[in-house]
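Build out the structure end to end from the sequences listed, making use of the hints.
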Amino acid sequence: MNIKTLIDDKLEKIKPISEKLNLDQAFDELNKILSDTTSKIAPRKQKGKKKKKLPVMNDEILHAVKRKKTAFYIWKQQGRPKEPGNFYLKEKTITTYDLRTLCRKEQALERINTRQQILDAKSSDTTLFYKLIRKQRGKMGDIKNAKNYRGITITPTYSKIIEIIIKGRENNKILEHQNPLQKGFTAKSTPLLCELFIEEFERENKDLKLPTYVALLDGKSAFDVVVHKNLIRRLFQIGFSQQSILLISNLYENATSCVKWGNTMSNRLFNIEQGVRQGGAISADLYKVYINPLLQILSNSGLGAKIGNINCCAPTCADDIALISNNPFELQNMINLAVDFSQREGYLLQPQKSVVLPIKTCNKMLDVEQGFWKLKNIDMPIVQDSSHIGIKKSQKDSTNATITENIKKARRSMYSLMGAGLHGENGLDPETVVSLFRTYILPVLTYGLEVLIPTGKNLDLIQQQHKRWIKQILSLKLNVADPAVYMLSGLLPLEAEIHIKIITLFGNITRSERSSLEWRIAERQLQIKTYSSNSWFIDLKKICGKYDIIEIEQYLDKPLTKIEWKRFITKKIHKYWESDIKTKMKGYSTLKYLNCEYDIGRIHPLLKTTSANITEIKKLSICTKFVTEPTYYNLIKRSIQTMQQIRCVDSVIKLTKPLNILSYCVKQLHK
Numbered sequence: 001m002n003i004k005t006l007i008d009d010k011l012e013k014i015k016p017i018s019e020k021l022n023l024d025q026a027f028d029e030l031n032k033i034l035s036d037t038t039s040k041i042a043p044r045k046q047k048g049k050k051k052k053k054l055p056v057m058n059d060e061i062l063h064a065v066k067r068k069k070t071a072f073y074i075w076k077q078q079g080r081p082k083e084p085g086n087f088y089l090k091e092k093t094i095t096t097y098d099l100r101t102l103c104r105k106e107q108a109l110e111r112i113n114t115r116q117q118i119l120d121a122k123s124s125d126t127t128l129f130y131k132l133i134r135k136q137r138g139k140m141g142d143i144k145n146a147k148n149y150r151g152i153t154i155t156p157t158y159s160k161i162i163e164i165i166i167k168g169r170e171n172n173k174i175l176e177h178q179n180p181l182q183k184g185f186t187a188k189s190t191p192l193l194c195e196l197f198i199e200e201f202e203r204e205n206k207d208l209k210l211p212t213y214v215a216l217l218d219g220k221s222a223f224d225v226v227v228h229k230n231l232i233r234r235l236f237q238i239g240f241s242q243q244s245i246l247l248i249s250n251l252y253e254n255a256t257s258c259v260k261w262g263n264t265m266s267n268r269l270f271n272i273e274q275g276v277r278q279g280g281a282i283s284a285d286l287y288k289v290y291i292n293p294l295l296q297i298l299s300n301s302g303l304g305a306k307i308g309n310i311n312c313c314a315p316t317c318a319d320d321i322a323l324i325s326n327n328p329f330e331l332q333n334m335i336n337l338a339v340d341f342s343q344r345e346g347y348l349l350q351p352q353k354s355v356v357l358p359i360k361t362c363n364k365m366l367d368v369e370q371g372f373w374k375l376k377n378i379d380m381p382i383v384q385d386s387s388h389i390g391i392k393k394s395q396k397d398s399t400n401a402t403i404t405e406n407i408k409k410a411r412r413s414m415y416s417l418m419g420a421g422l423h424g425e426n427g428l429d430p431e432t433v434v435s436l437f438r439t440y441i442l443p444v445l446t447y448g449l450e451v452l453i454p455t456g457k458n459l460d461l462i463q464q465q466h467k468r469w470i471k472q473i474l475s476l477k478l479n480v481a482d483p484a485v486y487m488l489s490g491l492l493p494l495e496a497e498i499h500i501k502i503i504t505l506f507g508n509i510t511r512s513e514r515s516s517l518e519w520r521i522a523e524r525q526l527q528i529k530t531y532s533s534n535s536w537f538i539d540l541k542k543i544c545g546k547y548d549i550i551e552i553e554q555y556l557d558k559p560l561t562k563i564e565w566k567r568f569i570t571k572k573i574h575k576y577w578e579s580d581i582k583t584k585m586k587g588y589s590t591l592k593y594l595n596c597e598y599d600i601g602r603i604h605p606l607l608k609t610t611s612a613n614i615t616e617i618k619k620l621s622i623c624t625k626f627v628t629e630p631t632y633y634n635l636i637k638r639s640i641q642t643m644q645q646i647r648c649v650d651s652v653i654k655l656t657k658p659l660n661i662l663s664y665c666v667k668q669l670h671k
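Using full-length UniProt numbering, the first residue of the sequence shown is number 1, and each one after it goes up by one.
Hints are all accurate, no fakes.
Straight line, CA to CA, 20 Å or less: simulated SDA-like cross-link-like pairs of lysine to any residue: (1) K360 - V383; (2) K374 - F329; (3) K584 - H574.
In short, the hints are calculated from the structure, not lab data.
What follows is the structure in structure tokens.
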């Protein structure tokens with residue numbers, strides 16, 4: 001059947017065109033007929049199996065590939081001889097061997113370079129982190145399903161440059177008018193201060209035996225619903241220059257966007273009439289200006305939490321607002337103020353995601369039923385626990401809930417890095433593995449604990465998990481003595497890591513402005529509270545006393561620079577734990593073969609290697625068994641002695657072969 005016959009058969013089935021409107025439809029049908037017929041007549045190209053590409057490539061390997069192909073072609077032309085002494089077979093074998101040798105060398109160099117990158121990396125190096133975890137990921141789902149994609153707004157380069165210039169010019173005015181309760185996207189500050197205000201208010205209520213109520217408000221797509229006219233008015237009110245206001249207005253006025261999908265752009269553009277760009281250089285600052293009046297209203301209302309005479313009723317991180325009070329009726333009034341502001345400004349608070357968390361800070365609390373707090377006449381859920389800035393808040397024990405959640409997150413991070421070699425004997429060398437653990441796992445495991453300060457069972461829980469993971473990645477037995485774990489890895493105990501973060505946070509507070517909430521709260525609590533208080537700052541004082549850091553109140557008046565403070569606390573803490581671990585090590589008879597060399601931050605010389613060879617890395621685990629397991633050492637020693645004795649007996653048997661009695665005795669001994 002030829003192409004003409006196929007086309008004629010299909011043309012007969014087409015209905016005649018009766019109206020002009022059906023003309024486009026007719027052309028579409030004709031095009032479909034032609035394409036279907038062509039695909040039937042034209043021969044289909046057979047798809048062969050794709051050969052695996054070499055994992056590495058350079059000029060030397062490329063020449064080796066050409067030599068191998070040439071040798072294979074000549075061998076094939078000669079009739080594929082199989083004789084071992086054949087010249088062409090030898091040439092093919094030699095070129096293949098040379099190619100594999102070059103590939104192995106190049107792969108080894110890549111492993112060494114990757115290892116050095118990991119050792120030099122910091123926790124802020126997200127590019128390397130995602131490069132490493134990408135090796136662990138498989139297929140990402142159906143390519144045709146839009147739910148498997150996340151929309152990313154791509155801003156023109158000129159717009160980014162303009163936003164950066166505006167931020168440099170006007171940032172001081174934003175900070176000058178910013179409410180002290182706002183801690184998100186602010187230089188020389190950290191979002192964890194919001195959680196510190198809540199934690200200190202809880203501890204204050206424990207001292208005063210008062211209840212604590214926390215309302216966490218969730219705004220639906222808060223950045224995407226900013227009304228541009230209201231934003232421009234806010235910028236004028238805080239004193240932005242006319243040029244900056246005009247530039248921002250032009251950036252957002254008549255702005256259009258389109259969708260890019262698989263290298264094709266949507267033909268129709270749609271207007272963007274509200275919201276600030278996600279990820280823009282100045283977007284977070286513009287949102288802070290937009291939301292600032294709400295914080296001013298709440299602060300001036302006199303409602304909510306107070307530590308002494310210091311108002312901390314609504315700690316906020318960008319669009320994440322927490323309302324706190326020890327009076328449930330005051331909390332409802334604060335929620336009403338937030339609702340009125342949201343309705344006036346045109347953004348939506350979600351009643352189902354906005355929750356209230358009563359925290360048990362005293363024995364006698366008001367029994368509150370579901371439906372007591374309302375958001376726009378809709379009942380707000382009263383929950384047992386909820387997340388706030390990555391920290392799990394709970395009615396009874398926020399520390400335990402946060403530690404449990406951190407362990408889950410850290411475990412997932414470890415699994416994601418297994419493809420990069422973060423596992424036992426068959427992975428990367430111990431120095432690189434410990435560096436990966438310190439850089440990417442430890443920050444996840446200890447996140448938020450500088451605010452909660454775990455003690456007792458909670459501290460034991462997270463320390464046990466920390467030690468267990470170190471033993472696993474160093475291929476140590478689970479019953480190995482704790483000093484050996486820290487001695488070999490060069491890591492500090494988790495308690496010390498948490499203490500460093502606590503004292504570092506206090507250093508940030510000392511360097512903040514005296515008008516800031518954190519500085520004022522620190523000054524008040526350190527001067528007024530006694531050692532029996534539950535205050536975070538009293539716990540801080542006890543921890544500092546452990547490391548011989550006394551009279552910490554003086555650092556509020558005469559703060560050290562960031563580098564000086566880090567050097568000061570590092571020296572004190574390292575000195576304490578070096579002495580403590582070396583002293584504990586003397587009490588373990590199982591560690592008598594381990595050299596007492598504890599250099600914090602550096603792995604033990606026993607586990608160092610300059611090679612990325614897997615065979616050499618496997619040998620290191622045997623070395624650790626020798627120095628941490630005396631039974632293993634004694635077993636090997638006895639085996640060597642036995643082998644030496646057997647060799648002596650075998651030599652005697654050879655000299656006295658006729659004496660079958662001796663041979664019989666040795667056989668019985670072997671049995």
